[in-house]
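Engineer: The numbering used here puts the first residue of the sequence shown at 8, with every later residue one more than the last.
No lab work stands behind these hints, which were simulated from the structure alone. It is possible that some hints are incorrect.
[As the list claims (entries may be wrong)] Within a straight-line C-alpha distance of at most 16 Å, the following computed EDC-like cross-link-like pairs (lysine to aspartate or glutamate) qualify: (1) Lys-86 to Asp-61; (2) Lys-86 to Glu-65; (3) Lys-86 to Asp-74; (4) Lys-86 to Asp-99; (5) Lys-86 to Asp-47; (6) Lys-187 to Asp-140.
[Claimed, not checked] Ranges of calculated distance between the beta carbons of each label pair, as one might list FRET restraints: (7) Phe-67 to Ser-26: 33 to 39 Å; (8) Lys-108 to Ile-75: 40 to 46 Å; (9) Thr-81 to Leu-141: 44 to 50 Å; (10) Met-133 to Arg-190: 27 to 33 Å; (11) Phe-148 to Ala-53: 34 to 40 Å; (12) Met-84 to Pro-189: 37 to 43 Å.
No experiment lies behind these values; they were computed from the predicted model shown. Glycine included, every Cβ here is placed at the ideal spot set by N, Cα and C.
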Amino acid sequence: MKDMNHNMQNGRKSPVPMSEAMAIVGMALRLPGGICNPIDFWTMMAEKRDGLCDVPPERFNIEAFHDISGRPGTIPMNKGYYLSDIDVRQFDPSFFSLSKKELERLDPQQRQLLEVVYECMENAGMTSWQGADLGCYVGAFNEDWQDLNAKETQHRGGYRVTGYGDFALANRISYEYDLKGPR
8 MKDMNHNMQN
18 GRKSPVPMSE
28 AMAIVGMALR
38 LPGGICNPID
48 FWTMMAEKRD
58 GLCDVPPERF
68 NIEAFHDISG
78 RPGTIPMNKG
88 YYLSDIDVRQ
98 FDPSFFSLSK
108 KELERLDPQQ
118 RQLLEVVYEC
128 MENAGMTSWQ
138 GADLGCYVGA
148 FNEDWQDLNA
158 KETQHRGGYR
168 VTGYGDFALA
178 NRISYEYDLK
188 GPR
């Protein structure tokens, strides 16, 4: 039996295994500042930079909303953290089990994540992950796609639940790559 550590949880002691060795064997990413690979990420960190930039004009007309006073209907910041040089329309659904109709409803975050996870597996040298005991954990911020599509009543349909929402991100990856999670 492994040595156990005790962790306080809800006022009770619960056994937690002592730390086990873990290795990051693959990495892929898309980050603000044009960071699309581990080398660029490392360089950014070593140079103590971040990805803060002006709001890209293709996002929205910041000048129409920017006002440092913070009055209602305005935005006090004219900068942010944006992904650049990414066209989510250039996604090939045939590589995955997605129909054209499902792809039309699919959150761009899911499209991007499907591609980046594949790059990560490639970077790790993994060629047969189907059915593997791999866990998928995703952190996400904002549900812009869901908010945009909430106004479109004719787009409601069978893919609304699986295509929108941050809760579906890890599930989409696990399903498409047939990951069974840690046991």
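Engineer: Taking the hints in turn, state whether each one holds.
Structural biologist: Checked hints:
1. Lys-86 to Asp-61: Judged against 16 Å, a Cα distance of about 4 Å means the pair holds.
2. Lys-86 to Glu-65: It holds: about 14 Å lies between the C-alpha atoms, which stays within 16 Å.
3. Lys-86 to Asp-74: holds, 12 Å
4. Lys-86 to Asp-99: Not satisfied, since the Cα-Cα distance of roughly 32 Å exceeds 16 Å.
5. Lys-86 to Asp-47: violated, 21 Å
6. Lys-187 to Asp-140: holds, 5 Å
7. Phe-67 to Ser-26: 33 to 39 Å: violated, 46 Å
8. Lys-108 to Ile-75: 40 to 46 Å: Because 44 Å falls inside the window, the suggested range holds.
9. Thr-81 to Leu-141: 44 to 50 Å: holds, 45 Å
10. Met-133 to Arg-190: 27 to 33 Å: violated, 18 Å
11. Phe-148 to Ala-53: 34 to 40 Å: Taking Cβ atoms as reference, Phe-148 and Ala-53 lie about 25 Å apart, which means the hint is violated.
12. Met-84 to Pro-189: 37 to 43 Å: Hint holds: Cβ distance 40 Å, inside 37 to 43 Å.
Against the hints set out earlier in the document, violations occur for numbers 4, 5, 7, 10, 11.
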